[in-house]
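**Student:** Chains as they are written, first to last, in this note's numbering: chain A, 424 to 673; chain B, 2 to 277.
Calculated from the structure, these hints are not laboratory results.
These numbers were taken from a predicted model, which means no experiment stands behind them.
We put the beta carbon where it would ideally sit given N, CA and C, even for glycine.
Among the hints, a few may not be true.
Unchecked claim - Calculated pairs, EDC-like style, for lysine to aspartate or glutamate (alpha carbon to alpha carbon, straight line, at most 20 Å): (1) A/511 to B/214; (2) B/244 to A/470; (3) A/572 to B/214; (4) A/572 to A/550; (5) B/201 to B/182; (6) A/606 to B/214; (7) B/239 to A/563.
Unchecked claim - Restraint-style ranges between C-beta atoms, simulated for each label pair: (8) A/649 to B/142: 46 to 52 Å; (9) B/58 to A/597: 37 to 43 Å; (10) A/518 to B/251: 51 to 57 Å; (11) A/542 to B/198: 42 to 48 Å.
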Amino acid sequence: MESFKEITPIYGTYEISENTEFLFPSIKVRIEKEQENSFNYSRIDSEGNTVEKLIPANKNKITIEVAPIRPLNYPARRTNFVYLDFDKEVFLSEGAETSFLVRCPVEVGIFLVHDSHKDSMDSFTCDPSRARFGLYGSPDTGILCKYFKVPIVKSELDSELYHSCTIRLNFENQLDRGYSIKKVVFPITDHTIYYEEEKSQLDSLQIKLRKRGVVEFAEAAEVILSNITWTKSPSWEQDTHTPSMEMGLE
Amino acid sequence: MFEDLFAHLDSFEIAGTELSLFNLFLGAVIMLIGFTIAKIVRSLFNKYYAPVLPEHTAKNFGKMIYFGIIIISFLVFTSTTGIDFSGLLVAGGILGIVIGFATQSVVSNLISGIFLLIEKPAKQGDSIELPESGISGSFVDVGTFSSRIRKFDGTIMRVPNEKFFTSNIRVLTDSSVRRHEAVVGIAYKEDIDAAVEVLKKTIMSRMPFVLHEPAPEFRIEALADSSINIMILVWHPKQDWGKVAPTMLKIAKNALDDAGIEIPFPQRVIWKGDKD
Numbered sequence: 424m425e426s427f428k429e430i431t432p433i434y435g436t437y438e439i440s441e442n443t444e445f446l447f448p449s450i451k452v453r454i455e456k457e458q459e460n461s462f463n464y465s466r467i468d469s470e471g472n473t474v475e476k477l478i479p480a481n482k483n484k485i486t487i488e489v490a491p492i493r494p495l496n497y498p499a500r501r502t503n504f505v506y507l508d509f510d511k512e513v514f515l516s517e518g519a520e521t522s523f524l525v526r527c528p529v530e531v532g533i534f535l536v537h538d539s540h541k542d543s544m545d546s547f548t549c550d551p552s553r554a555r556f557g558l559y560g561s562p563d564t565g566i567l568c569k570y571f572k573v574p575i576v577k578s579e580l581d582s583e584l585y586h587s588c589t590i591r592l593n594f595e596n597q598l599d600r601g602y603s604i605k606k607v608v609f610p611i612t613d614h615t616i617y618y619e620e621e622k623s624q625l626d627s628l629q630i631k632l633r634k635r636g637v638v639e640f641a642e643a644a645e646v647i648l649s650n651i652t653w654t655k656s657p658s659w660e661q662d663t664h665t666p667s668m669e670m671g672l673e
Numbered sequence: 002m003f004e005d006l007f008a009h010l011d012s013f014e015i016a017g018t019e020l021s022l023f024n025l026f027l028g029a030v031i032m033l034i035g036f037t038i039a040k041i042v043r044s045l046f047n048k049y050y051a052p053v054l055p056e057h058t059a060k061n062f063g064k065m066i067y068f069g070i071i072i073i074s075f076l077v078f079t080s081t082t083g084i085d086f087s088g089l090l091v092a093g094g095i096l097g098i099v100i101g102f103a104t105q106s107v108v109s110n111l112i113s114g115i116f117l118l119i120e121k122p123a124k125q126g127d128s129i130e131l132p133e134s135g136i137s138g139s140f141v142d143v144g145t146f147s148s149r150i151r152k153f154d155g156t157i158m159r160v161p162n163e164k165f166f167t168s169n170i171r172v173l174t175d176s177s178v179r180r181h182e183a184v185v186g187i188a189y190k191e192d193i194d195a196a197v198e199v200l201k202k203t204i205m206s207r208m209p210f211v212l213h214e215p216a217p218e219f220r221i222e223a224l225a226d227s228s229i230n231i232m233i234l235v236w237h238p239k240q241d242w243g244k245v246a247p248t249m250l251k252i253a254k255n256a257l258d259d260a261g262i263e264i265p266f267p268q269r270v271i272w273k274g275d276k277d
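Bound-form chain B, shown alone:
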């Protein structure tokens, strides 16, 4: 019936294949159904399975399902209508080179994106830092031309894939633990061992996220201008930087204050020359 409806219309040629308007209409319907099924399957997956999977796995699976169904629909469309794309390959190749030169950075970002997907320098949700760009935050995803990082202030930073791919990437949450370092100064008159003992005892008892094994370490970092600087190194679970780093110096200061150990402020002794 539908074929009769389109019978009076002219046919035309695509990639060397005679194509009637009916075939084109059929193709559009197949693609529309394909897109609809892809959307439905992806949303069902997101609803029933994605919440229990790791974020990056869920997103990758979602994309794979969506584009997989669209590719299958396209193959069904071409085999139904009998379109043969082999003739387009030569022309497409030449066109590709022309477009490639014209849109070098776009292609570069696209290719870098593919390499990033293959290499996977970080997983979605990992905390990362790009030291040269001064960007740090949670890695969101690799897109077609750019990657997204959610900064710790909640804003999204878009980084072109090429720049992301060639940057030094520091992954902050790849291993199960992280180390935090802080420096505290005590006066020269104070007993170093006693100060270290006070700091160790307080950190171990008041900071539940600090690991007992390996135990906190204390190093004399410098005999500085005004103080003996003690570096405190503690390990903590990777998720708990926020429960350790911001409170460490406060706890160290209070512990030294309670023990009567002086934290000196910068000072300079000036000797006055004798007039005689």
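Chain A extracted, bound-state conformation:
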């Protein structure tokens, strides 16, 4: 029986030159040195399902990065949108400007770092029971989204390692009446995740409630966190296109 160096990882970069086992909640990731210049990667979930990959390397060690990524890949990549359903409504009075934080679930990405590249090697969720879909709008014209029930939190640091990051939502009510907000739907692919050790946060979202003629609408735009000193996650999503060749390649 081969011995493994056990690590309970936080987000960051790891140099691996010997058999190593990363312990995530209900998931084990093993990186095993197979030959001089190749490693065997395996991920085993709580039900015993295994994903295995062979990693050829130029040296006798490899560097990997464990980072939070946008929650779009599990159970399958179907959309760019997330639907955050708040645990309680937020009431905005007429002309009010407010800002609050909610948790937004994340998946975990494993990236192979070589030279200046970070290539996605694997991704998974430590919360498969929460990764669900929802429809915003009617079945004929609605938008398919990843659906999450999320709590409102007090601080940017209220993210949960492997499970969620925080996102600041800035609201401005320019309507001539008060308005209750229960959910927000936006394309998360425009947003970057930043992390530091156990904490992670997403670019903010600026939402203006406005009226054009008789139509009330919400104008949303992402706000890049330019002052943050945290590491930018090399976010990644499964691509719907596979490389094309005569004999097939996936």
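Let chain A serve as the given structure and place chain B on it in line with the hints.
**Tutor:** Below, chain B alone, put in the same frame as chain A:
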């Protein structure tokens, strides 16, 4: 030089235009070059651009490029040789009517194909169903006389364009989500609310492709002979019918079994008449 080679040969007339064999040879060369260029451009397009475009867009673009180049070559051929086809129009019109009557179904299929291309009732790759014909599968393309549907068993079904055009077509993948329905029966002695709660909890936790919004719905479909029939209605992404429909009843049965809720088999109570 080539002109000298053909100089001794006779010329003849096409559509009122004097045409020498040299001109005809030149025309053949132009058309051959046109066909070759069309094939090369189409194959380059298929190799470098088509894989990243949606299937139907790629195929339509490919056809447009191919036939566009051939039409341009034909125009170059006619303008080079000076052939004027206006004389053929009258004769062609009469001939067209004769051929039209003789080949009514062929023409009908051709015209229906054109209308199908204009109307676009489904996109290539869409899952469709023709309820009256009992055909369902993935829509491949509209051809000159027939449309092709790849059935879910992998075989290709050719449907004449006229029949396809006049059929009711059910497009299964036009909106981003689809609804699946299944019926499960519980015994009359069981608590309906408890059974619904068990089904809802299990479906929400064990079926990742079932949408949480709109949430699964449960309707009492019938107080049937042997059971109370509960209809389960769930929404799922359009691509994932295969991950929801085939497992739904299995998951529902296991959930009811685990909760000790009886699924009755059909039964009949027979009262025996008293001899006295």
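**Student:** Given the hinted pair residue 244 of chain B and residue 470 of chain A, is their Cα-Cα distance within 20 Å?
**Tutor:** 19 Å, holds
**Student:** Taking the beta carbons of residue 542 of chain A and residue 198 of chain B, is their distance inside 42 to 48 Å?
**Tutor:** Since the Cβ atoms of residue 542 of chain A and residue 198 of chain B sit about 46 Å apart, the hinted range of 42 to 48 Å holds.
**Student:** Going straight from one Cα to the other, do residue 606 of chain A and residue 214 of chain B come out at no more than 20 Å?
**Tutor:** 12 Å, holds
**Student:** What's the verdict on residue 572 of chain A and residue 550 of chain A, does the C-alpha distance respect the 20 Å limit or exceed it?
**Tutor:** 13 Å, holds
**Student:** Straight-line Cα separation of residue 201 of chain B and residue 182 of chain B no greater than 20 Å?
**Tutor:** 14 Å, holds
**Student:** Mind checking the hinted window 51 to 57 Å against the Cβ distance between residue 518 of chain A and residue 251 of chain B?
**Tutor:** Given a distance of about 55 Å, which is inside 51 to 57 Å, the answer is holds.
**Student:** Hint says 46 to 52 Å; check whether the CB-CB distance for residue 649 of chain A and residue 142 of chain B agrees.
**Tutor:** For residue 649 of chain A and residue 142 of chain B the Cβ distance comes to about 50 Å; the hint holds.
**Student:** Hint check: residue 572 of chain A vs residue 214 of chain B, CA-CA at most 20 Å. Holds or violated?
**Tutor:** OK: residue 572 of chain A and residue 214 of chain B at ~11 Å, within 20 Å.
**Student:** Does the structure keep residue 511 of chain A and residue 214 of chain B at a Cα separation of 20 Å or less?
**Tutor:** Given pair residue 511 of chain A, residue 214 of chain B holds - Cα atoms ~17 Å apart, limit 20 Å.
**Student:** Would you mind confirming whether the straight-line C-alpha gap from residue 239 of chain B to residue 563 of chain A stays at or under 20 Å?
**Tutor:** 12 Å, holds
**Student:** Could you tell me whether the CB distance from residue 58 of chain B to residue 597 of chain A stays inside 37 to 43 Å?
**Tutor:** 40 Å, holds
Of the hints listed earlier, there is not a single one the structure fails to meet.
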